[in-house]
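Peer 1: Protein chains in written order, with my numbering: chain A, 49 to 326; chain B, 36 to 355; chain C, 520 to 809.
Quick caveat, the hints were computed from the structure, so don't treat them as lab data. Every residue gets a Cβ at the ideal spot worked out from N, C-alpha and C, and that includes glycine. Do not take every clue at face value.
As the list claims (entries may be wrong) - Distance windows between CB atoms, simulated:
1. B/Leu-258 - C/Asp-575: 55 to 65 Å
2. B/Gly-97 - C/Asn-661: 27 to 37 Å
3. C/Gly-588 - A/Lys-217: 51 to 61 Å
Stated by the list, open to error - The calculated SDA-like cross-link candidates involving lysine to any residue, where the alpha carbons are at most 25 Å apart (straight line), are:
4. C/Lys-707 - B/Asp-58
5. C/Lys-660 - C/Ile-599
6. B/Lys-151 - C/Thr-788
7. A/Lys-160 - C/Glu-696
8. A/Lys-105 - A/Asn-85
9. C/Lys-707 - C/Arg-681
10. A/Lys-298 - A/Thr-133
11. C/Lys-625 - A/Asn-153
12. C/Lys-707 - A/Asn-153
13. C/Lys-660 - B/Glu-109
14. A/Lys-271 - A/Lys-324
15. C/Lys-633 - B/Lys-51
16. C/Lys-633 - B/Glu-82
17. A/Lys-167 - C/Ile-599
18. C/Lys-633 - B/Asp-58
19. C/Lys-707 - A/Tyr-190
20. B/Lys-261 - C/Asn-539
21. C/Lys-688 - B/Ser-191
22. C/Lys-688 - B/Ser-225
23. A/Lys-160 - B/His-55
24. B/Lys-51 - A/Glu-141
25. A/Lys-160 - A/Ser-224
26. C/Lys-633 - B/Thr-64
27. B/Lys-51 - C/Ser-624
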Amino acid sequence: MNEDITEIIKEPLNIDTVAAPHHVKPEKSVIAVGTKNLTVWFNERKGIEDINIDIKKDTVTAIIGPSGCGKSTFLRALNFMHDLTPGARVTGELNILGRNINDYNGVEIRKKVGMVFQKPNPFPTMSIYDNVISGLKLNGRYKKDFYDETVESSLVQAGLWSEVKDRLKVSAYNLSGGQQQRLCIARTLAVKPEIILMDEPTSALDPISTGSIENAIHDLKKKFTIIIVTHNMQQAARVSDHTAYFYLGKLIEHSKTSTVFTKPKEKLTEEYITGKFG
Amino acid sequence: MYLFRKKENIELKEIKSKTHITDLLFEKTTLLFALLIIFLVFWIIYEMYKDSEASRQMFGWGFITSPEWEPVKEKFGALTFVYGTVVSSLIALAIALPVSLGIAVFLSELAPQIIKTTLSFLIEILAAIPSIVFGFWGIFVLAPFMRNVVQPFLESALGFIPFFSGTKIGFGLLTSGIVLAIMIIPIISSISRDVLKTIPQAQREAAYALGATRWEAIKMALLNAKSGILGATVLGLGRAVGETMAVTMVIGNRAQIKLSWFEPAYSMASVIANEFAEASGKLHLSALIEVGLVLFAVTFVINSMARLLIYSTTKKMTVK
Amino acid sequence: MEAAELLGNSGNLKRRKVINIIMLTLSVISALAAIIPLVYIFFYTAAAGISSINLDFFTELPKPVGEPGGGIANAIIGSIEIVGIGAAFGIPVGLLAGIYVAEYSKTMVANLVKFVTDVLSGIPSIIVGIFAYGVIVLQSKNFSAFAGGFALGILMIPTVTRMTEEMLKLVPLSLREASLALGIPRWKTTLRIVLRTASGGIITGILLAIARAAGETAPLLFTSFGNSFWAESLDSPTASLPVQIFNYAISPYEEWHNKAWAGAFVLITLVFVISLIVRIITKNKFHQSV
Numbered sequence: 049m050n051e052d053i054t055e056i057i058k059e060p061l062n063i064d065t066v067a068a069p070h071h072v073k074p075e076k077s078v079i080a081v082g083t084k085n086l087t088v089w090f091n092e093r094k095g096i097e098d099i100n101i102d103i104k105k106d107t108v109t110a111i112i113g114p115s116g117c118g119k120s121t122f123l124r125a126l127n128f129m130h131d132l133t134p135g136a137r138v139t140g141e142l143n144i145l146g147r148n149i150n151d152y153n154g155v156e157i158r159k160k161v162g163m164v165f166q167k168p169n170p171f172p173t174m175s176i177y178d179n180v181i182s183g184l185k186l187n188g189r190y191k192k193d194f195y196d197e198t199v200e201s202s203l204v205q206a207g208l209w210s211e212v213k214d215r216l217k218v219s220a221y222n223l224s225g226g227q228q229q230r231l232c233i234a235r236t237l238a239v240k241p242e243i244i245l246m247d248e249p250t251s252a253l254d255p256i257s258t259g260s261i262e263n264a265i266h267d268l269k270k271k272f273t274i275i276i277v278t279h280n281m282q283q284a285a286r287v288s289d290h291t292a293y294f295y296l297g298k299l300i301e302h303s304k305t306s307t308v309f310t311k312p313k314e315k316l317t318e319e320y321i322t323g324k325f326g
Numbered sequence: 036m037y038l039f040r041k042k043e044n045i046e047l048k049e050i051k052s053k054t055h056i057t058d059l060l061f062e063k064t065t066l067l068f069a070l071l072i073i074f075l076v077f078w079i080i081y082e083m084y085k086d087s088e089a090s091r092q093m094f095g096w097g098f099i100t101s102p103e104w105e106p107v108k109e110k111f112g113a114l115t116f117v118y119g120t121v122v123s124s125l126i127a128l129a130i131a132l133p134v135s136l137g138i139a140v141f142l143s144e145l146a147p148q149i150i151k152t153t154l155s156f157l158i159e160i161l162a163a164i165p166s167i168v169f170g171f172w173g174i175f176v177l178a179p180f181m182r183n184v185v186q187p188f189l190e191s192a193l194g195f196i197p198f199f200s201g202t203k204i205g206f207g208l209l210t211s212g213i214v215l216a217i218m219i220i221p222i223i224s225s226i227s228r229d230v231l232k233t234i235p236q237a238q239r240e241a242a243y244a245l246g247a248t249r250w251e252a253i254k255m256a257l258l259n260a261k262s263g264i265l266g267a268t269v270l271g272l273g274r275a276v277g278e279t280m281a282v283t284m285v286i287g288n289r290a291q292i293k294l295s296w297f298e299p300a301y302s303m304a305s306v307i308a309n310e311f312a313e314a315s316g317k318l319h320l321s322a323l324i325e326v327g328l329v330l331f332a333v334t335f336v337i338n339s340m341a342r343l344l345i346y347s348t349t350k351k352m353t354v355k
Numbered sequence: 520m521e522a523a524e525l526l527g528n529s530g531n532l533k534r535r536k537v538i539n540i541i542m543l544t545l546s547v548i549s550a551l552a553a554i555i556p557l558v559y560i561f562f563y564t565a566a567a568g569i570s571s572i573n574l575d576f577f578t579e580l581p582k583p584v585g586e587p588g589g590g591i592a593n594a595i596i597g598s599i600e601i602v603g604i605g606a607a608f609g610i611p612v613g614l615l616a617g618i619y620v621a622e623y624s625k626t627m628v629a630n631l632v633k634f635v636t637d638v639l640s641g642i643p644s645i646i647v648g649i650f651a652y653g654v655i656v657l658q659s660k661n662f663s664a665f666a667g668g669f670a671l672g673i674l675m676i677p678t679v680t681r682m683t684e685e686m687l688k689l690v691p692l693s694l695r696e697a698s699l700a701l702g703i704p705r706w707k708t709t710l711r712i713v714l715r716t717a718s719g720g721i722i723t724g725i726l727l728a729i730a731r732a733a734g735e736t737a738p739l740l741f742t743s744f745g746n747s748f749w750a751e752s753l754d755s756p757t758a759s760l761p762v763q764i765f766n767y768a769i770s771p772y773e774e775w776h777n778k779a780w781a782g783a784f785v786l787i788t789l790v791f792v793i794s795l796i797v798r799i800i801t802k803n804k805f806h807q808s809v
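The task is simple: from the sequences and hints, build the whole structure.
Peer 2: Here it is, written out as structure tokens:
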């Protein structure tokens, strides 16, 4: 009974925020990611330049653009992944979940902002079960019951539970590519992040696996803010509420997906959407 | 002006994750151990330099050019040991190089997969056999064989060359050269094989396309890999120069310089092994440490050269 | 270009074909030539040593010349002690330095460490013996297992460092990213994810280092020295298998020679078994990553 009520309360809220007109400045609390003049430098070269974007909570935002336009660079700036790149520097202002990112350290931010990568990368030495709880286990000690619950709920959410529930102890490498990618999603979910970044999560997969991942994304957007980089425009159109178009390191256009795909404001966007280049 | 500055400020405000304190601690701990290795090497050099002071003061550069080594008279010169080390190592190289190249070619160009893995494994084991075992085998198997079979044969066939005549006792430069050759074949052949593997297949195919025989195609690959192979050879030389036990057991341990390769000799490492624990006095010990210092300097130069040569070939090829 | 020149110089086809066959045959012969000493040494040692191997050999002290029986138990235990001391010192240093070189490889220090490690691996082992003599034996005024272990530890470092570095570098960046993205701190990522993934290869490196150290003789001659009896403590002269073999081998007594062959056989078997384990580990590793 109670569950039903919360569902009902949640739903309209979501619809509201998604449907808010672009020119109305949304309230602070509904912004998951906000940037001002966000610039990423690779030594003296700018990977992305002066990105100003507000991404709303509990929505799916697709980031599209030709290769090398800075989509992934932008995404990786949001959870300090550039720490690993030698010579990379990030400047500007970045707010995550209403707080300035300088208030967090890298570990804290990555617990709140999860990431799924282009190629499935489960830990080869661990079983399916251990992969899912790896983030929890390496950051603290919990009861076995809690692990069991987390494994089940995460795998259910990622749409993998029914396929692997009988062989949780086998190596993650025994799964197919698509299953591995959903395992990586489950592994991210287990840490209970609020934002999930996906960097072309289906580009290494076949169409059927892609379909099941898109289904998972569809279910997840009720609870998480998802930012997905994709080079596949049909995918952007299928899964996202909002779309941002990047070109040569700059944000060209950001608005509702239907608007971007049907009547883009910018000429550059239109040319890309209609396949004139890219 | 004001506006411009303000803009600059916004642009350069860096976003950086705060460093996790344990991360920093971990990095610095590993750094400490890395620095420990550097410190250790410098410490070794310093220690040897310091402990050889008495001998260096006494004999100066004459230490290297004097053939006299008489602990009783407190006269020390290392020339005979340098000679023994150099000649036995060069004999080893002359034997090991062609054989190693043959093996490298066989492993990288000719052998079917299963033979390749088996042979590589066997050569790995050969490299891992302790030198004391080679020396032991040298005393009881190789030396008698040299004395009774190889040396009489060499003298009758090549006796006109002064290297191959003289008293045939089995222990000496030639025998230790052969033992050393066996010991350095694994390293030369395995690095040469690795270098040959970095030569692109397309080059061989191009040679075949021009009508080259298999050997001619291989010869071209060998020529292209020559500086890497040279590096492997020099590295083998470094091993031979520093090898102690096997040489000590078969070289005959007599401090003399004779042209004949059948004659016993003495090497730098051997004299340290034999006399160090029972050195007769401070000066004797100091002189032995100076021999060690010379040995260190020689192997250092040889190994640095080898690394540079190998590094230059493999890098060049991977860039291509 | 080069090929054309080569062909131009090589005379007529028949001659070239003959040369081809000769050179290829020589290559095969040299491969065989390398195996002969290996097989010969292995079987000769086995044949000469196996008759002296019995329970006493592993449990009894050496007997004086003329008395039958006896073993080299003190040398075997001594070797284990000395190699153990060396491993306790050399493996952690090598491992942590290897982690530094692999994980922070862009720094100047990392490159310097790499070079210095190469230098260290090229230093003749007898020189490390002199060093250990200078800093331990001279100071404590007696030969000891500590001094021998210190020398062996230094000799183990380069192998462990290089192997750790190479194996860690084989672990794909994507695994490090995956771990960091889960909010796992970098040091835990390195220790629990990266090191664990590379563990097979690193264990291989450690085994190799131990096998090599176990056979080292030169650096022990004047550090741990030797002893015909049980060592009183780790701080007193200690027998070791390789030094015992050396002393027996250069003695004039037949029965000591037999003991030495038996000891050599034990050493070779150890090397062989470790090499085999290493092969199996690395082969599995290879299959997994492919």
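Peer 1: If a hint holds in the structure, say so; if it does not, say that too.
Peer 2: Right, here's what the structure says about each hint:
Evaluation of the 55 to 65 Å hint for B/Leu-258 and C/Asp-575 yields a pass: the beta carbon distance comes to about 59 Å. At about 35 Å, the beta-carbon gap between B/Gly-97 and C/Asn-661 stays in the expected band of 27 to 37 Å. For C/Gly-588 paired with A/Lys-217, a C-beta distance near 54 Å keeps the hint of 51 to 61 Å intact. Straight-line distance between C-alpha atoms of C/Lys-707 and B/Asp-58 comes to about 8 Å, which keeps the hinted pair within the 25 Å bound.
Proximity of C/Lys-660 to C/Ile-599 is assessed by CA-CA distance (about 23 Å); at most 25 Å being required, the pair is judged to hold. Between the alpha carbons of B/Lys-151 and C/Thr-788 the distance comes to roughly 23 Å, so the proposed pair stays at or under 25 Å and holds. As the CA atoms of A/Lys-160 and C/Glu-696 are separated by approximately 15 Å, the hinted pair is consistent with the 25 Å bound. For the hint linking A/Lys-105 to A/Asn-85, the alpha-carbon distance of about 21 Å falls within 25 Å, and the restraint holds.
Between C/Lys-707 and C/Arg-681 the alpha-carbon distance is near 22 Å, which keeps this suggested pair within the 25 Å criterion. Annotation: proposed proximity of A/Lys-298 to A/Thr-133 holds, straight-line Cα distance about 21 Å (limit 25 Å). Between C/Lys-625 and A/Asn-153 the CA atoms are separated by roughly 23 Å; this keeps the pair inside 25 Å, and the hint holds. Simply put, C/Lys-707 and A/Asn-153 have alpha-carbon atoms about 16 Å apart, close enough for the 25 Å limit, and the pair holds.
Only pairs whose Cα atoms come within 25 Å are accepted, and C/Lys-660 paired with B/Glu-109 is accepted, the gap being roughly 24 Å. A threshold of 25 Å between alpha carbons decides the hint, and for A/Lys-271 with A/Lys-324 the separation of about 37 Å lies outside it, so the pair is violated. Of the pairs offered as hints, the one joining C/Lys-633 and B/Lys-51 is violated, with about 30 Å between alpha carbons and a cut-off of 25 Å exceeded. The straight-line distance between the Cα atoms of C/Lys-633 and B/Glu-82 is roughly 22 Å, inside the 25 Å bound, and the hint therefore holds.
Between A/Lys-167 and C/Ile-599 the CA atoms are separated by roughly 47 Å; this puts the pair beyond 25 Å, and the hint is violated. For the hint pairing C/Lys-633 with B/Asp-58, the CA-to-CA distance comes to about 23 Å; that is within 25 Å, so the pair holds. Taking the CA atoms of C/Lys-707 and A/Tyr-190, the gap is near 17 Å; set against the 25 Å cutoff, the hint holds. Of the pairs offered as hints, the one joining B/Lys-261 and C/Asn-539 holds, with about 20 Å between alpha carbons and a cut-off of 25 Å not exceeded.
For a cut-off of 25 Å, the pair hint linking C/Lys-688 to B/Ser-191 is broken: about 57 Å separates their Cα positions. Using a Cα cut-off of 25 Å, the hinted pair C/Lys-688 and B/Ser-225 holds, with the two alpha carbons roughly 21 Å apart. For the suggested pair A/Lys-160 and B/His-55, the alpha carbons sit about 16 Å apart, so the restraint of at most 25 Å is met. With a CA separation close to 11 Å, the supplied pair B/Lys-51 and A/Glu-141 stays within the 25 Å bound.
Pair hint A/Lys-160 plus A/Ser-224 does not hold up; C-alpha atoms about 28 Å apart against a cutoff of 25 Å. Only pairs whose Cα atoms come within 25 Å are accepted, and C/Lys-633 paired with B/Thr-64 is accepted, the gap being roughly 17 Å. Pair hint B/Lys-51 plus C/Ser-624 holds up; C-alpha atoms about 21 Å apart against a cutoff of 25 Å.
Comparing the model with each numbered hint stated earlier shows that hints 14, 15, 17, 21, 25 do not hold.
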